[in-house]
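Engineer: Residues per chain, in single letters:
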Amino acid sequence: MNRYPGTPLFLERRSYRFRRMMDAVRLLPFIVLAFWMVPLLWPVHETATAETVPMSHALRYIFGAWLAAVILCFVLWRRTSSQIEQENKG
Amino acid sequence: MSKHVVLVEDETNIAEAIRFLLGREGWRVQTLANGATAVEVIRKAVPDLVMLDVMLPGKSGFEILKELRADAALAELPILMLTARGQSRDRDIAEDAGVSRFMTKPFSNEEMLSAVRDLTASGTADA
Amino acid sequence: MVSLNQLIAVCLLYVIGLFAVAFAAERAAVRGHGDWLLRSPLVYTLSLSIYCTAWTFYGAVGYAARSGLEFVTIYLGPSIVMIGWWWILRRLVRIGRSHRVTSVADLISSRYGKSNLLAILVTTMAVIGVTPYIALQLQSVTLSLSIFASAETGAAPGADPINSAQAAFWVAVGLTLFTVLFGTRNLNVNERHHGVVIAIAVEAVVKLLALLAVGIFVVWGLAGGIDEAMAQIDRSPMGHWQVEGGRWVALTLLAAAAFICLPRMFQVLVVENDDERHLQIASWAFPLYLMLMSLFVVPIAVVGLDLLPEGSNPDLFVLSLPLSQGQSNLAMFAFLGGFSSATSMVIVATLALSTMVSNHIVMPIWLAYGQNTVQQSGDVRHVVILSRRLSILLIISLGYFYYRLSGGGGALAAIGTISFGGVAQFLPALLGGIFWRGATRIGAVTGLCVGFALWIFTMLLPSFGAGAALSAATFEQGLFGIVWLRPEALFGVRGLDPTVHAVIWSLSLNTLSFILASLFSFPSPMERLQGAQFVNIFDHSSPARGWTASVAASEDLMIMAQRILGAPEAQAFFRAQARLQEKSEGLPEPTPRFVQALERELAASVGAATAHAMVSQLVGGASVSVQDLLAVADESAQMLEYSSQLEIKSRALTDTAAKLRRANEKLTQLSHQKDSFLSQISHELRTPMTSIRSFSEILRDAKGLNPEEKTRYASIIHSETIRLTRLLDDLLDLSVLENGEVTLNQQSGTLQELLDRAITTASAAATRAIVIDRNRSTENIQLETDLDRLVQVFINLITNAQKYCGAEQPELKIRTRLINGCVEVDLIDNGTGIEPESRDLIFEKFSRVPGQGGEGAGLGLAICREIITRLQGTIGYMPDTPGTGFRITLPQTHSVQERKTKTLIDQA
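Protein chains in written order, with UniProt numbering: chain A, 1 to 90; chain B, 1 to 127; chain C, 1 to 908.
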């Protein structure tokens with residue numbers, strides 16, 4: 001993956017941090033998706049071994065994940081927006 | 001002793017006319033058709049008057065004039081210049097170079113003769 | 001209590017208010033004010049909220065009441081897409097901006113070689129797919145009205161207090177009017193509608209606040225706080241997690257797909273995007289909005305189920321709960337929220353669809369059936385706007401008929417899911433198009449057709465119910481009695497939820513056939529070009545594609561552009577382009593660059609495929625050559641091409657500059673020549689005059705001249721007079737020759753005779769002998785031309801050699817030959833020749849070679865050249881000879897008659 005051709009092998013700290021932030025931006029949707037797919041593991045019907053998850057728990061989990069995703073996304077935006085703008089200009 | 005004039009003129013007909021006119025006035029006229037040797041001849045002859053055409057084969061009249069004036073011995077020599085080009089620019093060049101008199105062809109015989117007289121008279125007065 | 005009339009009055013006021021906001025925004029946009037708001041990320045994010053329609057506002061609660069937390073998948077899908085903006089949306093927005101894409105159909109058709117077939121296919125599918133969705137909005141507004149009406153009249157829940165068919169009809173009419181007024185007042189550049197976007201943003205705020213207000217009222221007002229509400233939820237019939245995994249995954253995927261593919265979402269996400277940075281802001285802001293919209297859905301559903309009587313429609317809990325508690329103001333606010341959701345969706349959806357219908361269906365048909373109409377009278381703008389209005393009418397009517405047909409009884413969420421399933425079929429072609437260069441048009445068409453057919457069979461038709469569109473027998477035994485073709489159990493796969501079944505089959509077979517057909521088909525050059533540009537959008541942000549060898553007349557393009565863009569806009573565009581080409585006036589040249597820019601400009605108004613079709617109609621065929629492809633595939637090749645073009649251009653410029661410099665030098669030289677000629681002519685005239693005057697005065701005044709002297713002086717005067725006359729003759733001769741007034745006398749003789757004559761005459765006048773070297777045996781050439789003039793030329797040249805040859809023993813070599821009826825005569829002396837810088841000038845009149853003295857006036861060679869030109873020949877200096885050499889070439893027979901006719905023809 002030669003996304004940044006012609007760049008030096010070692011980067012200055014700021015640039016390094018920006019790259020890792022961009023990695024996070026790219027990864028975040030998959031992480032969020034994984035969290036939202038967790039309910040697939042919850043039992044749908046009452047069985048002897050597993051109890052169904054109460055609705056209040058389910059609500060807290062789903063919406064909690066949602067809020068966390070929003071906050072993470074917001075933080076990443078604050079950290080990367082100015083750099084992205086520069087890259088687009090350059 | 002008759003006065004001596006060197007005439008530098010490549011047109012034989014004009015030279016002949018001047019020779020005839022001045023000859024009748026008692027001048028000894030020496031004619032040169034080529035500009036190249038003119039300065040040398042004049043320096044040797046030390047004439048009373050030089051008549052000089054501008055467009056000459058070999059060397060132009062202006063160049064001859066300048067060389068003559070550059071020579072201290074010839075600085076006072078009266079020089080009458082005759083030209084057929086008749087542009088004011090030529091007159092300016094000649095006067096800058098120290099010509100005594102500048103005449104445009106064609107001239108009337110009388111005009112030419114009186115110019116020669118004026119030049120030689122003032123020359124004698126100075127002397 | 002709110003009366004129905006009051007409600008309608010409030011609605012109208014609200015609509016008028018919205019219209020005012022939109023109008024103000026558009027005015028501000030035209031004047032360039034208010035950019036901070038119009039182009040703000042906030043407005044962008046809020047405009048995305050048209051994803052939340054009446055389905056969300058009313059339907060989500062109903063959905064939750066029926067299926068628990070499953071409703072949330074519809075919002076998780078889009079949230080994932082937004083959070084993952086970097087992967088897909090960023091690409092789409094960049095492509096949309098750089099290719100000036102007007103709709104999802106435009107993007108797909110543009111990607112697959114500007115295919116009109118694909119555009120039509122996608123448009124048709126979108127119209128069919130979105131129709132249930134529009135019906136859903138009509139249904140929700142009608143339902144909400146009926147709730148108020150039943151509250152007013154006290155009718156039993158479930159009864160029909162108002163005539164819903166009629167109400168739906170009037171709602172449809174109102175929405176049509178609203179959309180036409182909002183969206184088609186003018187043909188906007190790049191299809192951006194600032195007024196609409198602002199109105200949508202206002203509606204987004206209203207619906208969010210309304211739903212939050214109802215939610216807060218329910219949780220704190222009715223349930224008594226969060227904990228109590230949670231406890232009540234756990235106690236309710238939906239108190240446990242009961243979502244099937246298959247549906248959970250399938251619906252999340254479906255919602256994500258629909259979020260990208262829905263025409264209205266594409267419109268606000270991509271087409272109306274002003275700034276790529278807004279996307280990242282929306283990546284957290286929009287999920288937040290969705291989360292807030294979904295936050296109170298479950299509590300409202302649970303409390304509604306608890307408090308409202310059995311049989312109440314859960315789709316309307318948002319309204320009926322406050323109404324039942326006597327909160328009529330809150331109910332009114334909720335109604336406005338629902339109304340906002342419905343109207344904003346219908347407006348944007350129909351706008352997006354009508355753009356697609358008019359650009360991809362109406363315009364191409366109009367173009368096809370009026371072959372030459374592009375250049376002829378009639379305003380295309382009117383056609384475009386009219387076709388959009390009719391499309392709006394058509395789309396809303398379709399929605400209305402679907403509503404009537406489906407009986408208006410279905411749950412909102414079920415209808416919405418069907419719509420999602422339809423538009424999600426675009427996903428493989430769309431994603432394949434922007435990520436995979438191997439995707440082809442045939443693949444896209446195949447995938448779309450397969451997916452769409454399956455969707456119709458497994459989702460749309462069954463939605464009308466057994467026995468309506470599909471017979472009950474088909475449900476039981478399959479299409480044509482084939483068990484494998486049962487709409488809810490394809491290929492014998494049973495036991496799946498119908499929605500999951502439909503989504504899995506349609507999308508997977510769609511993708512499979514798309515990939516297979518792409519692998520086994522070969523793309524056209526245009527497809528490969530567009531594919532490379534779309535997939536490598538970040539490498540080719542200013543993509544290039546050429547119209548080569550264009551033969552379009554700029555006038556035709558101008559006429560066409562005026563009728564699509566409007567006269568002032570088109571003229572401004574053409575002027576700007578002409579300036580770019582550094583032309584101070586007139587139309588720009590139809591260069592590939594210009595035609596491409598024009599096509600982009602037109603694409604903003606009528607879509608890429610149509611614009612391409614229109615331009616190719618005038619320019620003459622798409623012209624993507626293999627070279628073009630290579631140039632795009634390899635940017636460095638393009639650069640090379642460009643720089644070599646630059647090199648050629650700069651070389652041409654250098655050449656021109658050198659030519660100019662030479663011309664200038666020549667002019668300066670000529671001017672000097674003229675000055676010195678005037679001096680020369682003065683000298684030449686005055687010199688003989690001096691002798692004449694002097695000797696005539698001597699003859700007149702001098703006494704005692706002897707007869708010999710008199711004769712001699714008279715003959716001098718005579719000869720000088722002749723000299724003067726000769727000079728004047730030369731001048732006149734030249735002037736006559738130059739003006740072409742010369743009369744040529746055709747004579748015949750041999751070249752040998754002519755040369756003899758010339759040499760005799762020249763030698764007689766010569767002052768200096770010159771040896772003439774001739775080869776008489778070759779000179780026996782018969783000539784038919786003006787011999788006297790030709791002799792004049794020879795005399796002139798021989799005399800020149802005599803005068804100017806600088807050699808000790810001057811010699812002139814004359815060589816002649818006859819080649820194909822042309823006589824060539826070379827005259828070469830053994831002198832020093834003429835300096836190269838003087839060679840250009842020797843044939844000019846007044847010209848005298850410097851440093852050679854002589855008495856000529858410099859007219860000889862000028863006269864020679866004029867004569868030879870009259871004799872239809874040429875004379876030139878021979879640069880490669882040791883001395884001065886001239887070559888004369890002239891026809892052996894010069895026909896005077898022929899010349900005259902030729903002149904007559906020239907004059908006629």
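Check before you lean on any hint, since a few could be wrong.
[Unchecked claim] In silico lysine to any residue, SDA-like type, Cα no more than 25 Å apart, as pairs:
no., chain 1, residue 1, chain 2, residue 2
1, C, Lys-803, B, Ala-15
2, B, Lys-66, B, Ser-100
3, B, Lys-3, C, Arg-839
4, C, Lys-674, B, Pro-57
5, C, Lys-710, B, Ser-100
6, C, Lys-710, B, Glu-110
7, C, Lys-703, B, Ser-100
What the hints contain is simulated information worked out from the structure, not anything from laboratory work.
Engineer: For every hint, state whether the structure bears it out.
Structural biologist: To see whether the hints hold, each was checked on the structure:
1. Using a Cα cut-off of 25 Å, the hinted pair C:Lys-803 and B:Ala-15 holds, with the two alpha carbons roughly 22 Å apart.
2. Distance check on the hinted pair: B:Lys-66 and B:Ser-100 sit about 12 Å apart at the alpha-carbon level, within 25 Å; holds.
3. Our distance criterion of 25 Å between C-alpha atoms is broken by B:Lys-3 and C:Arg-839, whose separation comes to about 49 Å.
4. A distance of roughly 21 Å separates the Cα atoms of C:Lys-674 and B:Pro-57; the hinted pair therefore holds under the 25 Å criterion.
5. Taking the CA atoms of C:Lys-710 and B:Ser-100, the gap is near 33 Å; set against the 25 Å cutoff, the hint is violated.
6. A distance of roughly 19 Å separates the Cα atoms of C:Lys-710 and B:Glu-110; the hinted pair therefore holds under the 25 Å criterion.
7. Annotation: proposed proximity of C:Lys-703 to B:Ser-100 is violated, straight-line Cα distance about 31 Å (limit 25 Å).
Going down the numbered hints, you'll see the structure goes against 3, 5 and 7, while the others check out.
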